[in-house]
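Novice: Here are the chains, one letter per residue:
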Amino acid sequence: MIVRETPLSVDEAIASVKHAGAGAVVVMLGIVRDHTRKDGARVGVVKLEYEAYAEMAAKIVAQIVDESCAKFPGVRASVQHRVGSLAIGDVAVVVAASAPHRKDAFDACELIIDRLKEDAPIWKREHGDDGVTWVGMGP
Amino acid sequence: MVRVLYFAACRERAGVADELVDVGNRTVEDAIAVVATRHPALRDVIARCRFAVNQAFVDKNSVVPDGAELALIPPVAGG
Numbered sequence: 281m282i283v284r285e286t287p288l289s290v291d292e293a294i295a296s297v298k299h300a301g302a303g304a305v306v307v308m309l310g311i312v313r314d315h316t317r318k319d320g321a322r323v324g325v326v327k328l329e330y331e332a333y334a335e336m337a338a339k340i341v342a343q344i345v346d347e348s349c350a351k352f353p354g355v356r357a358s359v360q361h362r363v364g365s366l367a368i369g370d371v372a373v374v375v376a377a378s379a380p381h382r383k384d385a386f387d388a389c390e391l392i393i394d395r396l397k398e399d400a401p402i403w404k405r406e407h408g409d410d411g412v413t414w415v416g417m418g419p
Numbered sequence: 056m057v058r059v060l061y062f063a064a065c066r067e068r069a070g071v072a073d074e075l076v077d078v079g080n081r082t083v084e085d086a087i088a089v090v091a092t093r094h095p096a097l098r099d100v101i102a103r104c105r106f107a108v109n110q111a112f113v114d115k116n117s118v119v120p121d122g123a124e125l126a127l128i129p130p131v132a133g134g
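Order-wise, the sequence lines are chains A and B. Sequential numbering from 281 applies to the first sequence in this note's numbering. Sequential numbering from 56 applies to the second sequence in this note's numbering.
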């Protein structure tokens, strides 16, 4: 897993999973959105600050990728996550997955991002119209 | 000694990113009780935290070896 402050690279991600045996590469980009929803209301977002426990995030994501490869044999996957201050439209995460056939590539990519959001020790501080909060902490 | 790491909302409340605490060979639960005494502002967040010893999630009954790294993991929000 790559964790860095500089912009992520979709080309790098594709290059690291593409190989002659893979008939499909699926890439998911997590992008900073201009809004969020709180108590059913739409709240504008100005920027996000991401922070990571980088060494542990790398271990957790490696385990998640292993899980995906065990569940979908033939899959290769690559994950990059950006940290620091991100603006609307910036790419926060790239998950690329390749497989011999497209269904496994789609499924592996989805599993990896879903599991990353559950377990990776990464946090985001949201600067919204209503103030600054750590996402997930709630009231 | 154990190096305790604070991230995100925990770091804001503790006022420090990491520190050495003399809780080696105690359970996570006991170690965190000591941490909560040092930093009362952490108390309301601790209930929502998971814990990691040497970069692996552990439960509260796990023992924190002397010399280990103990991290408080508040609700995550990656991706």
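For the record, the hints were derived by calculation from the structure and aren't laboratory data. Certain hints may be false.
Unchecked claim - Distance windows between CB atoms, simulated:
1) A:V326 <-> B:N116: 34 to 44 Å
2) A:H299 <-> B:L75: 17 to 27 Å
3) B:F112 <-> A:A300: 15 to 25 Å
4) B:M56 <-> A:Q343: 39 to 49 Å
5) A:V326 <-> B:L75: 35 to 45 Å
Fair warning: this is a prediction, and the values are worked out from it, not measured in the lab. Beta carbons: idealized from backbone N, C-alpha and C, even for Gly.
Novice: Next step is simple, just say for each hint if it's right about the structure.
Specialist: These are the hints, each one checked on the structure:
About 42 Å separates the C-beta atoms of V326 of chain A and N116 of chain B, a value consistent with the hinted range of 34 to 44 Å. One distance hint, 17 to 27 Å for the beta-carbon pair H299 of chain A and L75 of chain B, is violated here, with the actual separation near 46 Å. Under the hint 15 to 25 Å, the C-beta atoms of F112 of chain B and A300 of chain A, about 37 Å apart, miss the expected range. The beta-carbon spacing between M56 of chain B and Q343 of chain A, approximately 28 Å, falls outside the hinted interval of 39 to 49 Å.
The supplied range of 35 to 45 Å is met by V326 of chain A and L75 of chain B, whose beta-carbon atoms lie about 37 Å from each other.
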